[in-house]
Amino acid sequence: MTTLTTPPPVPPSAATRPDGSPDTGTRVKTRDARAGWLFLAPFAFFYALFLIVPTLYMLITSFFNTSLVRPGLGSFAGFANYAEMFGRADFWSAMWHTLQFTLYTTPPLVVLAFVFAVLANRLKRGQWFYRLAFFLPFVLPSATIGLIWVFIFTPGTGLWPTVQGWLGMEPTAVLADPSWAMVGIAIATVWWTIGFNFVLYLAGLQDIPRELYEAAAVDGASPWQQIRSITLPLLSRTTTLVVLLQIIASLKIFDQVYLMTQGGPGISTQVALTQIAAIGFTDNRIGAASAFSVLLFIVIIAIALIRQLFERNQDRSA
Amino acid sequence: MSTRLPQGRASVPAPPGPSRRRVLAGGLAGAGALGLTGGLSGCGSPLAAGVAGTPLNPESVTFWNLFGGGDGARLQTMLDVYREEQGSPESLTAATFAWGNPYYTKVVLATLGNKPPDVAVAHATRATILAEAGLLEPITDDLLGLAGLSSSSFTESVWEAGRVGDSYYTIPLDTHPYVLFYNAEVCQQAGLVGDDGKLVTIEGREAFEAALTEIKGVTGDVGMVCSNVGDTSGSWRLFQTLYWQMDGATDFLGEAGQQLTVNEELALATMDYIGGLAKSGLITPTIDYAGAGTKLFTGKAGFQTQGEWEITTAQGIEGLTFGMVPIPTVFDQPAAQADSHTFIIPRMERTDAQRELAMGFVKSLLDQSLTWAEGGHVPALKATLESPEYQALEPQADYASAAEIAKYDPPGWYSGSGSTFENIVGAQIGLVQQQLASPQQALDAIKEQLRTYLDTPSPVLGS
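The listed protein sequences correspond, in order, to chains A and B. Using our numbering, you'd call the opening residue of the first sequence number 81 and step up by one each time. Using our numbering, you'd call the opening residue of the second sequence number 170 and step up by one each time.
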């Protein structure tokens with residue numbers, strides 16, 4: 081973030097609280113603490129009920145042959161569900177497709193958002209229009225996005241084949257071709273969510289004091305050198321945040337795949353969560369689906385941990 | 170941010186009038202109250218029903234189905250007749266969902282959540298799985314009596330298809346076999362149409378291949394279209410029909426889906442035959458569902474293997490004379506893949522009045538079986554099947570016999586119409602037809618992909 085000039089801290093020894101105890105400045109009063117917990121209680125209740133309890137249930141059922149339609153946990157399976165997942169070809173292909181989607185979307189969403197933010201930041205007038213234009217798709221729900229892009233990619237009569245026709249290209253049925261379907265979904269996703277990263281970057285850019293750029297310009301730095309030496313380093317926190325959010329969101333993709341291709345053609349766009357939903361809710365096997373979910377959970381935790389270590393390294397070297 | 174917070178200075182005096190916080194709080198409270206009253210008004214509203222556990226829309230019938238396209242349009246006219254009979258458009262809430270696995274997933278989850286539809290459509294091969302899962306109400310003689318029906322009102326084979334253990338769980342509506350559509354003009358030119366204007370009977374491999382070759386000569390394109398792109402069910406149905414025409418064919422799956430009992434030799438022979446026909450150009454190697462219909466209608470092919478439900482599409486094409494017959498017996502005996510649409514009553518807390526209302530709806534639709542039969546289906550209600558009006562329907566009369574040689578999908582918790590089993594097997598057969606896999610490769614892939622399902626005990630049966 082920006083460099084602030086903070087006022088000198090108040091020496092702790094001199095101040096005392098009304099009840100006579102020394103004011104250490106950092107410890108919260110018991111009265112305030114209790115009020116804080118009470119404010120948290122409603123949210124904590126729903127958080128426990130809808131997040132913590134289902135996660136524990138998932139961990140437990142992954143060791144049983146739990147069925148969707150039968151009561152109880154079912155017979156004990158030990159690690160059989162995990163072994164089944166490792167032995168299934170469609171488990172590995174689902175994981176690979178999820179990774180493929182992450183690779184297709186994360187770099188454009190980070191780089192393009194940065195580029196557009198830098199360009200929009202240069203505008204003196206009309207910046208509001210570009211903020212609106214980039215952010216508006218983000219406001220739409222996933223079903224709308226699915227419909228729009230299915231129309232665009234409709235073989236023969238959609239917008240994309242029509243444009244291809246104007247350009248003299250052979251029309252491709254993007255969502256019906258196993259090698260292109262994932263690209264089509266990635267394009268729809270980038271269009272949909274670039275606004276969010278764009279706004280994050282724009283806010284970060286507007287925090288950078290103009291004096292730094294002016295000083296660099298006086299020293300003879302070209303615009304590209306300014307971007308490389310001032311903008312990028314000062315936005316490094318934003319960038320790591322954006323990259324982390326992007327990666328985790330991409331690993332959890334479901335809506336666009338379910339709505340646009342249902343995992344097809346064949347299983348070429350079947351990703352981890354659509355496969356989990358198929359195993360759990362279509363095959364009625366909650367136990368097996370939980371095992372798959374736990375494995376995905378481990379992957380996401382691992383990535384978050386890596387980011388923590390990376391950031392700690394960054395802090396130490398900064 | 171780069172602003173500094175004031176430290177210990179007197180805060181700016183508040184402006185007169187309500188503060189922004191108070192206006193926002195008041196607005197939120199007002200909106201919340203409006204929302205709550207709107208949501209809770211009428212005990213049948215989904216929000217109140219979900220929170221309080223009361224039944225959903227107790228005075229009207231909720232009906233779920235998976236009929237789209239021509240079938241869907243026809244169904245809407247039948248539902249409108251019911252609404253007129255009841256005198257109110259509110260008497261029925263009908264919802265149509267995407268065909269196949271997505272539909273059944275919704276029915277299962279709705280029943281588990283205790284808010285299922287009053288009546289739903291199900292394929293006979295999928296209804297038995299739902300019954301095993303304990304999600305359906307048994308169809309007793311008393312229940313049928315509420316609609317003035319009995320078990321003998323229906324064709325026996327279709328009635329028996331809904332049997333699980335000692336009880337029956339389905340009310341049959343129709344049987345829909347896989348049949349052969351033919352373009353009468355093209356076939357006339359190929360010399361395959363008799364004096365009665367109908368297709369001559371074709372029996373045996375030589376006659377069948379000769380016919381296809383003749384047609385190919387006329388069209389200059391192919392003899393027959395069989396859709397196999399994005400249509401795994403279609404590929405499966407073609408395979409099932411030809412496979413069961415061979416002597417010695419056994420069910421693909423046995424022991425309720427735990428065993429692979431297919432006659433591998435015959436399965437390979439069938440796939441080989443399909444691949445061979447595609448290789449010699451007698452059938453299309455690569456075509457999708459809609460494209461296959463277009464090829465037949467525009468005279469680029471003379472035959473098409475397709476479900477009889479496409480009759481409405483064909484009848485809508487101007488200037489097309491077509492006919493439908495059972496798929497010719499190419500091998501040893503007649504056979505046709507088929508499934509049946511049935512009504513199911515999902516399990517939930519019902520009053521007798523609700524039961525009566527639901528059965529009244531079923532009766533109304535069954536009374537309109539002739540309208541449904543005009544959509545190509547073979548009615549399961551004997552009264553309609555044996556009526557002179559149905560027997561006079563053309564071309565339905567020509568293929569009604571296909572319902573008698575119907576071969577359902579093998580039993581299994583992952584099998585049935587639109588199921589994972591059909592998707593796996595159908596995809597491989599489609600590849601063989603596309604010349605992208607050999608029959609042995611396809612069979613190996615099928616075995617490998619089915620391995621998980623074969624080894625997994627049924628999650629729907631009580632353990």
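Just so you know, the hints here were simulated from the structure itself, not pulled from any lab data. Keep in mind that the hints are not guaranteed to be accurate.
Chain B stretches covered by chain A per the calculated footprint, using a threshold of three residues with CB under 8 Å from any CB of chain A [stated by the list, open to error]: (1) 277 to 283; (2) 344 to 358; (3) 482 to 490.
Covered, in the sense of this in silico footprint (three residues per stretch, anywhere, with C-beta under 8 Å from a C-beta of chain B), are these stretches of chain A [claimed, not checked]: (4) 143 to 155; (5) 339 to 352.
Here a beta-carbon is modelled for each residue, glycine too, at the ideal position from N, C-alpha and C.
The hints, checked one at a time:
no. : hint       : verdict
1   : 277 to 283 : holds (count 3)
2   : 344 to 358 : violated (count 0)
3   : 482 to 490 : violated (count 0)
4   : 143 to 155 : holds (count 7)
5   : 339 to 352 : holds (count 4)
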